[in-house]
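Novice: Going by numbering that gives the first Met the number 0, the first residue of the first sequence is number 0, and it counts up by one from there.
If you are wondering where the hints come from, they were derived from the structure by calculation, not from laboratory data. Glycine included, C-beta positions come from ideal geometry on N, C-alpha and C. A hint or two may mislead.
[Claimed, not checked] The list that follows gives simulated cross-link-like pairs (lysine-lysine, DSSO-like), each with its CA atoms no further than 27 Å apart:
hint	residue 1	residue 2
1	330	298
2	309	330
3	88	195
4	195	254
5	309	88
6	176	14
7	259	88
8	309	259
9	330	259
10	309	298
11	259	298
12	254	330
13	195	259
14	14	195
15	88	14
16	330	176
[As the list claims (entries may be wrong)] Pairwise CB distance ranges (calculated):
hint	residue 1	residue 2	range
17	27	311	35 to 43 Å
18	263	47	18 to 26 Å
19	299	276	19 to 27 Å
20	166	35	28 to 36 Å
21	166	304	23 to 31 Å
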Amino acid sequence: MITDLRVLQDEFLPKEIRHRDREIDSIATALQPILHGEPADDVFLHGPTGVGKTCIARYSMEQLKMEAAVDTQYVNCWNDYTRYRVLYKLLEGVGRTVDIHRSSTPRDVLLDRIQDAEGPYVAVLDEVDQLEDPSVLYDLYTIPHVTVLMIANDHQGFLNSVDDRLESRLTVCRDIKFEPYTVDALVAILEDRVRKGLYPDAVSDRQLERIADAAAGDARVAIGALRVAARTAEDRGLDEITPEVVEDAIPDARKQIRSKTLDSLTEHQMVLYDIVEEHGEADPGVLYEEYESRVDSPKTRRTLRNYLAKMVQYDLLEAEGEGRGRSYRLKEAGD
DNA sequence: ATTCCACCGGAATAGCGGGATA
DNA sequence: TATCCCGCTATTCCGGTGGAAT
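Using the sequences and the hints given, assemble the complete structure.
Specialist: Right under this line is the structure:
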């Protein structure tokens, strides 16, 4: 069934990108000055999940590096959300972290190091709206040879959340909007992966269309469903992905994506999540009492509020109402 | 209308872990 | 070894908000 599992993984970066020519051109145009040794415009990619933002950003970096001597670094601000961690990651990109330690290195030596590095540098900041303190963007603006490529779901929402000084800088960067994939586009993407990763005839066009349709424009879900379906078919000793396998694979793929997020929660946060799951819907008072009774040394109410806010940010939970009447419930997959 | 109360979330602070320094 | 510094999490403090009770 499967000949190459890698091409079905999220991280896989295809050599050719389908149905995103306009976006790729826009990025290339924005970064063009780098080829002539001049500072380039910053770029902002935005659009819903699974529309190829990250993929196209990584692809563009590969292309750029083939044409010019330029350093690039990818930072996912979901994982590296503090100023320090972002700067540290960016230093890794130019190999200047050797004697950096989080203690005893004077406060802004990281920024100085990036500044001192010669040559153009493109910093890709994915999930940039997850930064706890976006002022690191301002730090980077002060360095002429650094170009920032930001990625987020909601461009306007992000602009509104930063202070005026930063906002005025951000509004001048080139913004590129990504629309959800059409069913045809998703089928084309899936066909590519099938050709490289599965035996011929392992799956019919009809089943690919079914997957593409259920994915609702989200390539990540579509590829995940294909992966799950291929594995299931293999486990069951089938030589073809059947309609039944596809039907099961779609919800499983969404679950897999969710459980990836759940893995990043702490033990206490997980307890809290379980409580919300059991109650279906719960107000904060009940939530805290329940939590208090289940855990050895409970955190304070304030900390729990932070946990809840975090899980809402992560799209795990949904909050309803403000102030006194607020309640929390699980956020179901699929916006 | 007014008061009350549960809850929200910003800001400042404390405490911890861990590496550096003297 | 004792001490310092830093990042990071949790805690403390508190003003603000909106629904419920009076």
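Novice: Hint by hint, say whether it matches the structure.
Specialist: Results of checking the hints against the structure:
1. 330 x 298: Roughly 24 Å separates the two Cα atoms, so the pair holds.
2. 309 x 330: holds, 13 Å
3. 88 x 195: Violated, at about 33 Å.
4. 195 x 254: holds, 25 Å
5. 309 x 88: holds, 23 Å
6. 176 x 14: holds, 22 Å
7. 259 x 88: holds, 22 Å
8. 309 x 259: holds, 15 Å
9. 330 x 259: holds, 15 Å
10. 309 x 298: holds, 15 Å
11. 259 x 298: holds, 24 Å
12. 254 x 330: holds, 12 Å
13. 195 x 259: holds, 25 Å
14. 14 x 195: holds, 11 Å
15. 88 x 14: holds, 26 Å
16. 330 x 176: Holds, because 25 Å separates the two Cα atoms, which is no more than 27 Å.
17. 27 x 311: 35 to 43 Å: Since the Cβ atoms of residue 27 and residue 311 sit about 37 Å apart, the hinted range of 35 to 43 Å holds.
18. 263 x 47: 18 to 26 Å: holds, 21 Å
19. 299 x 276: 19 to 27 Å: holds, 23 Å
20. 166 x 35: 28 to 36 Å: Hint holds: Cβ distance 29 Å, inside 28 to 36 Å.
21. 166 x 304: 23 to 31 Å: holds, 27 Å
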